Every structure is written in structure tokens, then in C-alpha cells.
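Asker: Respectively, the protein sequence lines represent chains Y and C. Using full-length UniProt numbering, read the first sequence as starting at 1 and increasing by one per residue. Using full-length UniProt numbering, read the second sequence as starting at 1 and increasing by one per residue.
Hints in this document: simulated from the structure, not taken from any laboratory.
Residues from chain Y that face chain C, not an exhaustive set, calculated with beta carbons under 8 Å:
(1) Asp84
(2) Tyr87
(3) Arg88
(4) Ser89
(5) Leu92
(6) Met95
(7) Arg96
(8) Arg104
Bear in mind that the values here come from a model prediction, so they are computed numbers and not experimental data. We put the beta carbon where it would ideally sit given N, CA and C, even for glycine.
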Amino acid sequence: MTAPTRPVHLAQLNVARLRHPLDDPRVAPFVEALDPVNAAADGAPGFVWRLVEDGGADATGLRPLGDDVIVNLSVWETQEALWDFAYRSGHLEVMRQRRDWFHRHVEAHLVLWWVPAGHVPTVAEAVERLEDLRAHGPSPRAFTFASSYTAAEAAEHAPDGDSATV
Amino acid sequence: MEDIDAIAVLQDPVRRRLYEYVVAQGREVGRNEAAEAAGVARTLAAHHLDKLTGAGLLESGSRRLSGRSGPGAGRPAKVYVRARGERSVSLPARDYRTAAELLAEAAEQAGLDAGLCAAARRRGEALRGPAGPCGGLDEAVETLAARGYEPYREDVEGEAAGAVRMRNCPFHAVAESFPPLVCGMNLALLEGLLGTEGPVRARMDARPGECCVVVEAVEASV
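Modelling step: build the complete structure from the supplied sequences, incorporating the hints.
Answerer: Below, the structure is given as C-alpha cells:
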């Protein structure tokens with residue numbers, strides 16, 4: 001059993017299925033927003049880390065879930081910090097136009113989970129959490145903004161010796 | 001305290017003036033300042049401010065208002081801000097919030113953003129009626145205040161064009177649950193209400209703790 005006082009961070013993965021390839025003019029406004037919005041994330045209060053492709057500025061070139069599915073993986077100090085960036089910054093304007101660029105989600109497209117501070121989640125680990133959420137619904141292992149769990153709740157449910165889990 | 005009891009606390013006219021003053025400032029307000037604004041003695045203001053705090057309508061804290069600290073700075077003063085919680089009374093009982101949440105959930109899942117925004121834009125235009133587009137930022141403040149947005153001017157020194165920001169989101173609870181959907185709806189409503197062809201424009205520019213829309217004066221073409 002882990003002491004709930006151990007410092008933790010919140011990891012998030014969100015995925016989106018593109019309506020058109022990134023070089024299509026119909027998604028150009030999204031592509032143009034990538035650099036300024038990513039820069040805003042990097043400077044946002046509580047931002048810890050985000051996945052960036054080797055030699056790139058973002059993770060849009062990585063397609064672990066299919067050729068037309070882009071992923072966004074990041075780590076934040078708190079759930080509030082992530083929420084404020086996602087919905088109370090320039091990122092909201094991008095979200096508002098999401099239907100123009102991405103297909104509607106049938107399954108969960110965003111998953112949150114707690115990680116020990118300093119842990120850098122891998123894409124495989126993130127995808128596992130998303131699959132957990134899709135298969136079992138929200139739990140302390142994999143949850144959403146609408147149904148979130150505290151780090152203490154996650155720690156209670158963590159199997160012993162699982163170093164990547166709080 | 002039940003909502004109806006909390007709201008009844010505002011029946012006293014002095015209390016109501018104090019409450020409205022604190023709310024309108026959008027920041028911590030001390031007893032002296034509130035007393036002066038309401039035109040009553042400090043002790044009376046303090047009594048009513050604490051009644052409002054007890055009813056859960058305001059929250060109080062303490063702060064050194066003088067800016068000094070350390071020995072000699074004096075006792076911290078009591079300051080007040082509006083409480084975050086919502087209060088409402090409906091007679092007979094109505095539950096539009098659950099209806100709004102269910103409709104928003106269904107719209108989100110079905111991806112109905114475009115249809116919702118079109119309806120919101122039409123509603124905004126209908127609310128405006130036969131009047132032309134909003135004529136300027138002062139008129140925008142008036143229009144937005146009437147709809148509960150709690151607008152305030154945010155003019156940058158040295159820049160001719162100013163802006164109006166809003167402290168309150170009238171759709172707060174559903175906007176928190178479905179931000180892109182409901183904030184997009186709100187923007188479309190304001191575009192309809194203020195018009196998009198006149199001297200002011202509504203634009204999404206979200207900040208923590210406020211309405212996600214800013215209304216700006218369009219720079220006059222030179």
C-alpha cells in the first residue's frame with residue numbers, strides 16, 4: 001500500500017480520428033493552431049510534460065492507434081491545471097471547432113490516470129489505460145473529468161509492485 | 001441553509017446593496033469600502049456582511065489591506081467575495097438543470113454542435129429583435145448586463161479599441177460539464193445578440209474563472 005502523501009501527477013491521453021489527412025486544406029486551421037496551442041500548454045501553470053515525436057515539435061506524426069488517429073499524451077501537476085488549460089485557454093477555441101476536423105467519438109477518447117511524480121508515461125501504457133476505460137468504465141486506474149478519482153483512491157486500488165501505478 | 005432561506009436574507013435593502021456591491025467588484029472587498037459604497041456606518045456594514053457570509057452568499061477571509069506586513073502592519077482586515085455556489089428557488093419546483101444536462105449529453109454524443117450553434121444564433125437574433133447590430137462597447141455592456149453576464153470594460157492603455165469581459169457565465173454548470181459544446185453555443189448566442197456586421201465582435205478567448213467570450217471593438221478602417 002502506497003502512502004497517499006507521495007507526490008503524484010496526472011497523466012492524460014486523448015485521441016482523435018482525422019476527417020482528412022493533416023496536409024489537406026480542410027484541416028489547415030487545426031495544423032496552424034498546433035504550434036501556438038502547444039506553446040501555451042508548455043507555459044501553462046501546472047504543465048509537466050507532453051509527448052513529442054523525435055525531431056518534431058509535437059506528436060501528430062505518431063499513429064499508434066491507426067493511420068488516421070492522432071494522439072496527445074501529457075502530464076500535469078493537478079487535474080485543475082489540466083482542466084484550466086484544456087477549457088480555459090486558447091485550446092478551447094480549437095476544441096470548439098473539433099467537429100470540422102475530427103470524426104465523432106463512439107468510444108471514450110480521453111483518459112486520465114495518476115502517475116508518480118517524475119514518471120514519464122509511455123504510449124503503450126497510455127493506450128492500455130484507454131482500453132481499460134473503454135472495457136471497464138471509469139475506475140481509479142483510468143477515469144475522465146466527469147468521473148474522476150483522487151490519487152489516494154488510486155493508491156488504494158494499485159496492485160503491489162506496480163511501479164508505473166500510484 | 002436552504003436556498004429559500006439564503007435568498008430571503010437579501011430582503012433587507014442594506015444587505016442587498018452590500019451584496020450587489022461586493023459581487024460587482026469581482027475581487028475581495030473590505031468592510032470600510034463596502035460601508036462607504038452602501039452609505040452606511042462601518043459597524044452596520046460589518047454586521048450585514050457577516051449575516052451574508054453566514055447565509056453562504058459571501059465568503060470571508062482576512063488580508064492586510066495596507067500592503068504593509070510584519071510587526072506594525074496592524075491586524076489583518078476582514079474581506080469578502082461572492083460565494084461560488086449557486087442559489088435558486090422555483091415555485092412550483094422545476095428542474096431545468098437536469099433537462100439541460102441530459103440534452104447537452106445527448107448533443108455531445110451525437111455531435112450536434114453545428115445544429116446547436118445555429119439555434120443559439122437564431123435565438124440571439126430574436127432577442128435583439130428588429131434592432132441593428134450592437135453600436136459600441138457601452139451598449140454591449142448594457143445588453144450583456146441585462147442577460148446576467150456581469151460585464152466589465154477591459155481597456156488597454158494606449159490602444160484605441162477596447163474590450164468587454166464577463167465575470168459570469170449564465171450557463172456555468174452545463175458549460176463545466178460540456179465546455180466546447182456549451183461555450184460554442186454561448187458564443188453563437190452572443191454573435192446573434194450583438195451582430196457580426198457592426199462595430200463590435202464577440203470572440204472566444206477563454207480565461208480561468210470567467211465567461212469564455214470577449215467582445216471587442218473592431219478597429220476602424222483607416
